[in-house]
Amino acid sequence: MASTTTTADVHAPSANSADDNYLTHDKGVASWLLTLDHKRIGIMYFTCVILAFALGGLFALLIRTELWAPGKTIVDADTYNQLFTLHGAVMVFLVIIPGIPAALGNFVLPLHLGAKDVAFPKLNLMSWYMWIIGACFLVSSLIISAADTGWTFYTPYSTTTQTAVIPALAGAFILGFSSIFTGLNFIVTIHKMRAPGLTWFRLPLFVWGLYSTAIMQVLATPVLGITLLMLIVERAVGIGIFDPELGGDPVLFQHFFWFYSHPAVYIMVVPAFGVISEIIPVFSRKRLFGYSFIALSSVAIAILSFLVWGHHMFVSGQSVLAGSIFSGITFLIAIPTAIKVLNWISTMYKGAIHLDTPMLYGLMFLWVFTIGGMTGLFLSTMSTDVHLHDTYFVVAHFHYVMMGGAITAFFGGLHYWWPKMWGRMYNERTGRIGALFVFIGMNLTFFPQFIMGSRGMPRRYYNYLPEFQPFHQASTIGAFILGIGFLMTTVSLLRSLMKKPDAPMNPWGSNTLEWTIPSPPPYYNFSDVPQVTEGPYEYDNWVYDEKTGDYKRKGTEASS
Amino acid sequence: MMNLLALATDPKDLTHGVKLPESPYYWLPARGSTTADAVDGLFNYIYWVSVISVVLLLGLMIVFVIKYKAKDRNVKPEGATDHHTGLELIWSTVPLPVVLLMFAWGFQGFVNLRTTPKDAYEIHVTAQKWKWLFEYPNGYADDVLHVPVGRKVRAVITSMDVVHSFGLPAFRTKEDAVPGRYTELWFEPTQPGEYPVFCDQYCGTDHSGMITKVVAHEQADFEKFLEDAQKKMDLMPPMELGEKMYNQQGCAGCHTLDGSPKTGPSWKGLFGKMETMSDGSTMMVDENYIKESIMEPQAKMVKGFPPAMPTFKGKLSDKKIEGLIAFIKAQK
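For the protein sequence lines, the chains are A and B, in the order given. If you're matching positions, the first sequence starts at 1 in my numbering and goes up one per residue. If you're matching positions, the second sequence starts at 1001 in my numbering and goes up one per residue.
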């Protein structure tokens, strides 16, 4: 039925008709739940990720409300511990890791490549079901007796606490498979299904980002799977692997855990680099500065990311020699990352900049990610890390990078591809106001946490010394502004589904392949196999048409 | 007694009287040791590198947005440069020495933090949920850390249950307390005064209550303080000693005195009570049962409570155990 070759195009009934697209091609719930279409799977992922994001965000607001004043504000200490555990687990495993690759990536990747679908459409659907099953386990922990271990599951706390840790572990274990399936699928797709003429160095950088991410997903996630399985076995049958009471080693768990979870940080942020590399050139109307550097450094980061896990463990009793190697390699990653920021900024130099909502998210990314990256220097330097380790400084740093990096890029990409996904333009005004709220909220929430942290405030504290209160209050106000921003943005996007105007084929004047087909795309994507003759960021041949709000390729303006 | 009750129920009092000393610096807390001076220099270096870089990068970004903002959709960009070898060489090489210095300085500082001088004064630090215990060479033990100014102090750290982290922000040092092994850190206090001690590694319910203070004494005062404190403990009547142990050894974290069960049974009215054990048998709480529960907590567990208590075998003298029994007896 769903052949993966592009010759299937001949079966497409009236592929050119405006009414027949992937949204209308089949009807009914079953046509969605059993679909093998990468675009529909992308949309289903997107819906679930947004719901999980709302849940994780709700936990975040409860945490911040509790921290408004020292002592008890709304919940007791145990509930607070469960809240931050679930906030972390939901945001990491259900939102940020699948967010860009599985939701945006699924929708965009085959379109970027000029392909009909991913290489293994059934595996793709399977990965979505794995996500659903994993999410059910994770949320079931919430209903039974939510885990209170922190998302890091450090032993022997996680093997001895009375809460429902096993369902949470099982959830993360299953979600790992979802991630591996997506990664495997993308690697094969990128290798085998590029359109004729689409050489490696003509690939959009989003594809390079997804490729680097996929390598890490496939290589690192199994380690997490085995680690979590060992933890489940230790808890369930008492085999001593990590608990010293049973003859195990608690620090071994930290090594295993970070061996996955550091690459996971790049699984979260490298696809974000890809999205930003799409947005900035399109809205600057200029070729991306330093294409091959950005492409290859993503791959280099993917490889190096496996060799830095010990920088999470400078105060665990790890040897000085080991620590210094981990610190050194961490700096090796820092430099190319800083150069990427310079590349993005240079792209804007002498450009023709349009401040549409996706670009606002792009600029927001540069702002927040630069601060997040610079504060990483304090933590990769060993002696300053000792003071800052496990304080709010770390919390602020990774929220600037994860929230400010991955989530900002996710929302930027969402606005950018929204017209293609749904065939509708979102409201530019509410989109921009939402972005402004997100920007203010993000900085107000997390910047005071840097100051608290460097002054010594430890993380995961239910109660705190009164001296820290002003910073906590600023942070709480920021969190609510951030919440309002995301709510406004979501409402604005959803409203666009019910309202005109319809989106044209290429509203941003982009030169990647997905913009050469109608919005929303036909069921079979491309009616003819596209021939690629130039790089992804050539805009000279696209001319804006005032009447339709569409960009047309030079020489084809009259024909439509 | 009333004070203790308040401490257990009002979380605002969980700060245990610990205060953050006034700091002359905006970003960092007041300094109290030689190690702090060394770390702060590097902190300031990285801070200024970051500030300059952020201002430069974001400044450029803002200038470009203002300068090159397009008036309408068909404006062509002024330039088309997509690489510039000279520029790329500069920004690949200039950060290199800046970052190398960071790494080397950090390495040297870390070696210093982790290399304990040979003649250091040794204090044993034991972490447990949710309490610190500090033991001195003369046998004295306290839940507040007392240290001499101008003398190198070595802390030998371990944990009785889960991973904790022994954090001393004023001394800019920290090390995890790992069950089943010893870790260590050292510092040399420079200023008499009181500074906070935090648990920095998440350890459960009362993680944020696991704070205490480090008191830096002048050397002469320190010797005298230790001697007096030890003498006082030797002469303490059993009941008072038991109360001290109740607070110092972490009993208070799980056993209340007001009848409400926590992680373990409350001590109110416990002595002489018939308890149902986890295997269904019943048993009277007497001197022998209490002693056994301190030495081998998991041997006979009261029904409905988790096996959370660590053993105190070899940690408490008979005198201290007798004190605890006397204290439990008094909770009617």
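Hints are computed from structural coordinates only; laboratory data are not their basis. We put the CB at the ideal spot given by N, CA and C, even for glycine. Hints may be right or wrong, so weigh each one.
[Claimed, not checked] The calculated label-pair distances, taken between Cβ atoms and stated as ranges, are:
id, chain 1, residue 1, chain 2, residue 2, range
1, A, Glu428, B, Pro1097, 20 to 26 Å
2, A, Ile143, B, Leu1087, 55 to 61 Å
3, B, Leu1087, A, Leu34, 17 to 23 Å
4, A, Leu321, B, Gly1041, 19 to 25 Å
5, A, Ile477, B, Gly1304, 40 to 46 Å
6, B, Val1051, A, Ala322, 28 to 34 Å
7, B, Pro1097, A, Leu321, 20 to 26 Å
8, A, Leu123, B, Leu1089, 43 to 49 Å
9, B, Gln1108, A, Phe201, 38 to 44 Å
10, B, Gln1230, A, Gln469, 47 to 53 Å
11, A, Ala322, B, Met1277, 44 to 50 Å
12, B, Gly1180, A, Ala322, 43 to 49 Å
For each hint, the structure was consulted:
1. A/Glu428 / B/Pro1097: 20 to 26 Å: Because 46 Å falls outside the window, the suggested range is violated.
2. A/Ile143 / B/Leu1087: 55 to 61 Å: 56 Å, holds
3. B/Leu1087 / A/Leu34: 17 to 23 Å: 53 Å, violated
4. A/Leu321 / B/Gly1041: 19 to 25 Å: This hint holds: roughly 24 Å between Cβ atoms.
5. A/Ile477 / B/Gly1304: 40 to 46 Å: 43 Å, holds
6. B/Val1051 / A/Ala322: 28 to 34 Å: 31 Å, holds
7. B/Pro1097 / A/Leu321: 20 to 26 Å: 23 Å, holds
8. A/Leu123 / B/Leu1089: 43 to 49 Å: This hint holds: roughly 44 Å between Cβ atoms.
9. B/Gln1108 / A/Phe201: 38 to 44 Å: Since the Cβ atoms of glutamine 1108 of chain B and phenylalanine 201 of chain A sit about 43 Å apart, the hinted range of 38 to 44 Å holds.
10. B/Gln1230 / A/Gln469: 47 to 53 Å: 39 Å Cβ-Cβ, so the 47 to 53 Å window is violated.
11. A/Ala322 / B/Met1277: 44 to 50 Å: 47 Å, holds
12. B/Gly1180 / A/Ala322: 43 to 49 Å: 20 Å, violated
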